[in-house]
Amino acid sequence: MKRSIPALTAGALVLALAACSSGGDTGDEPTDAGSGAEEGGGFEGQTLTVWIMEGTNPDASGYFDGVAEEFTARTGAELDVQFQPWDGAHDKFVTSIAGGTGPDVAEVGTTWTAEFAELGVLADLTASIEGAGLDGDLVEGLAEAGTYDGALYGMPWYAGVRSIIYNRDLFEAAGITETPTNWEELTAAVEALKASDPNVIPFPIPGDSQYSAYPFIWGAGGEIATESDGTWTATLDSPESIEGLEYYTGLALEHGASTAAADTWNEADALAAFEQGNVGMIIAGNWTVGRIAQDAPDLMESIGAFPIPSRDGGPAGSFLGGSHLGVWADSDQQDLGWEFIELMSTGQSAADWSEQTGFFPGQASALAEIAESEDPLVAPFAQQMLEAGRSVPLTPAFGQIQGAKTVEAMVQNILTGRMGVEEAAAEAVTAMNETFSAGS
Amino acid sequence: MTTSTARVAPIVPRGPAPDARRRRAARRRAVRPWVLLAPTLAVLAVLLLWPLVRVVDLSFQDFGLRELVSGEANYIGWENYAAILGDSYLWTVVLPNTVGFAACCVVLTVGLGTLVALFLNILGTFWKTVCSTAIMVAWAVPAVTGTYVWIWLFDPLNGLVASVLAGLGIIEPGTVNWYTDRLGFYAIATLNVVHHGFPFVAITVLAGLLTVPKELYEAATMDGAGAWRRFWQITAPMLKPVFAVVTILSTIWDFKVFTQIYLMPGGNGGNAEVFNLGVWSYIQSFAQGKYGMGSAIAVLLTGILLVITVVYMRTLFREEDL
Numbered sequence: 001m002k003r004s005i006p007a008l009t010a011g012a013l014v015l016a017l018a019a020c021s022s023g024g025d026t027g028d029e030p031t032d033a034g035s036g037a038e039e040g041g042g043f044e045g046q047t048l049t050v051w052i053m054e055g056t057n058p059d060a061s062g063y064f065d066g067v068a069e070e071f072t073a074r075t076g077a078e079l080d081v082q083f084q085p086w087d088g089a090h091d092k093f094v095t096s097i098a099g100g101t102g103p104d105v106a107e108v109g110t111t112w113t114a115e116f117a118e119l120g121v122l123a124d125l126t127a128s129i130e131g132a133g134l135d136g137d138l139v140e141g142l143a144e145a146g147t148y149d150g151a152l153y154g155m156p157w158y159a160g161v162r163s164i165i166y167n168r169d170l171f172e173a174a175g176i177t178e179t180p181t182n183w184e185e186l187t188a189a190v191e192a193l194k195a196s197d198p199n200v201i202p203f204p205i206p207g208d209s210q211y212s213a214y215p216f217i218w219g220a221g222g223e224i225a226t227e228s229d230g231t232w233t234a235t236l237d238s239p240e241s242i243e244g245l246e247y248y249t250g251l252a253l254e255h256g257a258s259t260a261a262a263d264t265w266n267e268a269d270a271l272a273a274f275e276q277g278n279v280g281m282i283i284a285g286n287w288t289v290g291r292i293a294q295d296a297p298d299l300m301e302s303i304g305a306f307p308i309p310s311r312d313g314g315p316a317g318s319f320l321g322g323s324h325l326g327v328w329a330d331s332d333q334q335d336l337g338w339e340f341i342e343l344m345s346t347g348q349s350a351a352d353w354s355e356q357t358g359f360f361p362g363q364a365s366a367l368a369e370i371a372e373s374e375d376p377l378v379a380p381f382a383q384q385m386l387e388a389g390r391s392v393p394l395t396p397a398f399g400q401i402q403g404a405k406t407v408e409a410m411v412q413n414i415l416t417g418r419m420g421v422e423e424a425a426a427e428a429v430t431a432m433n434e435t436f437s438a439g440s
Numbered sequence: 001m002t003t004s005t006a007r008v009a010p011i012v013p014r015g016p017a018p019d020a021r022r023r024r025a026a027r028r029r030a031v032r033p034w035v036l037l038a039p040t041l042a043v044l045a046v047l048l049l050w051p052l053v054r055v056v057d058l059s060f061q062d063f064g065l066r067e068l069v070s071g072e073a074n075y076i077g078w079e080n081y082a083a084i085l086g087d088s089y090l091w092t093v094v095l096p097n098t099v100g101f102a103a104c105c106v107v108l109t110v111g112l113g114t115l116v117a118l119f120l121n122i123l124g125t126f127w128k129t130v131c132s133t134a135i136m137v138a139w140a141v142p143a144v145t146g147t148y149v150w151i152w153l154f155d156p157l158n159g160l161v162a163s164v165l166a167g168l169g170i171i172e173p174g175t176v177n178w179y180t181d182r183l184g185f186y187a188i189a190t191l192n193v194v195h196h197g198f199p200f201v202a203i204t205v206l207a208g209l210l211t212v213p214k215e216l217y218e219a220a221t222m223d224g225a226g227a228w229r230r231f232w233q234i235t236a237p238m239l240k241p242v243f244a245v246v247t248i249l250s251t252i253w254d255f256k257v258f259t260q261i262y263l264m265p266g267g268n269g270g271n272a273e274v275f276n277l278g279v280w281s282y283i284q285s286f287a288q289g290k291y292g293m294g295s296a297i298a299v300l301l302t303g304i305l306l307v308i309t310v311v312y313m314r315t316l317f318r319e320e321d322l
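Sequences listed follow chains A and B, in order. Per the UniProt record's numbering, the first sequence starts with residue 1, numbered consecutively. Per the UniProt record's numbering, the second sequence starts with residue 1, numbered consecutively.
Please note that the accuracy of each hint is not assured.
If you want the footprint, here are the derived chain A segments under chain B, 3+ residues with CB under 8 Å [what the hints assert, rightly or not]:
# : region
1 : 90-101
2 : 117-123
3 : 198-208
4 : 255-263
5 : 400-406
Treat the hints as calculated values from the structure; they're not laboratory data. Everything numeric in this text was worked out from a predicted model, so none of it was measured. Yeah, the Cβ is synthetic: ideal placement off N, Cα and C, and Gly gets one too.
Required output: the full structure, derived from the provided sequences and hints.
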């Protein structure tokens with residue numbers, strides 16, 4: 001039996017890999033231990049470890065060099081910024097939580113804040129935010145997502161929203177003069193694009209993107225899930241949600257808006273296809289404009305944006321995503337952590353950040369300024385965000401549902417013809433309710 | 001007894017009876033390998049045994065993020081196993097996917113690998129080197145890279161396969177998406193895994209072929225045996241242990257394929273029809289935070305592999321001494 005030993009070893013390795021979470025933690029530990037008593041509000045000799053997501057700002061290190069200087073000038077402490085890739089970030093956070101190797105302050109995706117707050121990982125920032133007089137000036141959707149059990153655990157930092165980016169050349173070639181403002185006009189635009197050139201993909205419906213589907217559910221008056229007395233119930237099978245899903249997938253199945261290839265696309269795939277120039281329009285975030293400018297500068301001349309329309313006109317609800325800044329509950333530099341958060345989320349640092357990244361600021365007054373903008377690639381997004389920014393169900397259980405890709409699976413099942421809309425929705429509702437009832 | 005022999009040890013030459021000396025020498029011989037193995041075993045225990053024990057331990061718990069953070073245990077007995085085994089999803093989707101896919105891959109990998117080895121064996125030194133280097137490249141490509149190459153080849157809109165088929169007028173590009181279909185998905189995954197796995201089989205079998213005495217083939221040829229007969233009467237029996245090893249290793253690798261499935265469109269959760277045991281375990285654990293359930297699936301996977309390996313080894317070597 002000797003020969004089978006390497007084989008068994010290999011088999012056991014699977015388990016080993018499944019067991020140890022992929023830690024790979026190279027980050028430094030907070031190094032403030034034994035730094036002695038603070039002197040008069042100064043934090044000399046201390047170091048604040050911060051985790052920031054990679055890729056949001058093309059020149060992140062340049063930006064944070066400036067912030068670090070400012071931070072040291074203000075507090076006397078050093079700043080240690082470590083960049084984390086979004087990919088697998090949730091796993092990494094969880095691993096660090098379990099191992100006690102977290103940072104002092106971290107950028108937290110808005111959909112994770114409630115989950116981490118519930119676990120007791122994040123510190124309650126309500127008093128600090130009120131103390132700094134910032135509580136009246138937060139972007140509502142972001143503040144809502146950062147709230148757990150009545151307290152704020154995430155300081156709104158930046159926000160983004162999805163609208164529709166379109167190819168003006170293709171629209172002109174198809175004779176479309178006005179951007180669609182309701183479903184009827186959207187369908188007409190799709191059909192005109194299809195008719196003008198059969199090689200054009202008018203409006204790909206990406207099967208692997210939940211956030212592209214929600215605006216149509218919300219735009220028909222439907223909801224993902226509703227809460228009563230602390231219990232969440234999935235409502236994707238309500239008549240309104242079904243109508244939204246039928247319209248959304250019907251664009252692909254009945255009006256030729258999409259391609260079978262898009263059944264497995266995510267938003268990045270749709271964007272890549274759009275950048276090739278023969279896609280009429282896509283649902284895309286305001287931050288992707290900068291991406292297009294980088295990838296396909298020639299296309300920049302001919303792109304425009306308009307809010308995702310709801311059934312009867314006006315912007316449809318669109319997921320308001322973004323990031324919070326949170327202080328780790330077991331960090332012993334709570335005050336210093338807050339100093340950093342205040343520096344980042346207000347004033348010049350915040351303005352620079354949103355200018356460099358294309359995201360909207362988390363302060364309502366700063367956002368209002370941007371909303372005044374005449375820029376045709378900013379204004380439609382600002383309108384969508386201010387008039388119709390929505391959040392997904394604010395319960396940790398929804399994080400699990402997103403992890404299971406329940407909504408994406410539903411959309412794919414409809415697009416590939418495996419299931420009818422009602423059957424697919426019913427299946428998703430069952431799965432979601434199971435998670436809701438187990439989670440609470 | 002032990003203490004007394006140990007005490008008189010220093011005066012070995014004139015020491016105890018030859019009988020006792022032999023026994024002591026035998027004991028030393030028995031202990032020595034374990035002493036030499038100790039460092040390796042200690043490392044294995046830390047890196048392999050402990051995680052293994054932990055996974056089994058977790059599989060009996062309802063272990064989520066909350067438990068992970070607090071570090072508390074939450075035992076629920078066999079509930080995870082009951083939930084998995086009672087789930088029709090396991091029997092209709094995951095298990096058929098895993099077993100069917102592994103079976104196809106093993107047969108194709110070993111078959112193709114053997115053919116390539118036989119081919120390499122008849123080549124001259126120069127071409128043998130060139131060809132083995134070429135196939136080693138396929139082996140050296142990391143699974144992630146290889147998988148993306150196959151995904152791009154079969155990209156429904158811009159992929160090479162779609163373009164060629166469209167050029168031949170068989171399909172319209174963009175109208176067919178192989179990834180959404182369970183069979184299509186696994187056909188592509190099979191190509192990927194076989195392509196990545198056959199070089200190992202080829203090189204191993206080639207090494208075995210070089211040890212078979214040429215005289216046997218010459219004699220068989222004289223007796224009028226054709227190539228087919230020579231393979232089954234000489235090569236196959238001579239290389240039985242080699243085939244056993246490559247088959248078992250391939251079986252284990254192909255059962256626990258994860259990367260190649262997870263990275264393909266739909267394999268990371270969007271299309272539950274294409275999960276295999278490895279992906280299902282990962283999704284349960286890390287996407288859903290049900291670490292207990294995920295561990296139970298991993299234990300199940302290991303159990304199946306153990307059974308297959310043992311049964312296979314027993315049938316293969318029933319009458320032989322290993």
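Taking the hints in turn, this is what the structure says about them:
1. 90-101: holds (count 4)
2. 117-123: holds (count 3)
3. 198-208: holds (count 3)
4. 255-263: holds (count 4)
5. 400-406: With 4 residues close enough to chain B, the hint holds.
The structure is consistent with each of the numbered hints, conforming to all of them.
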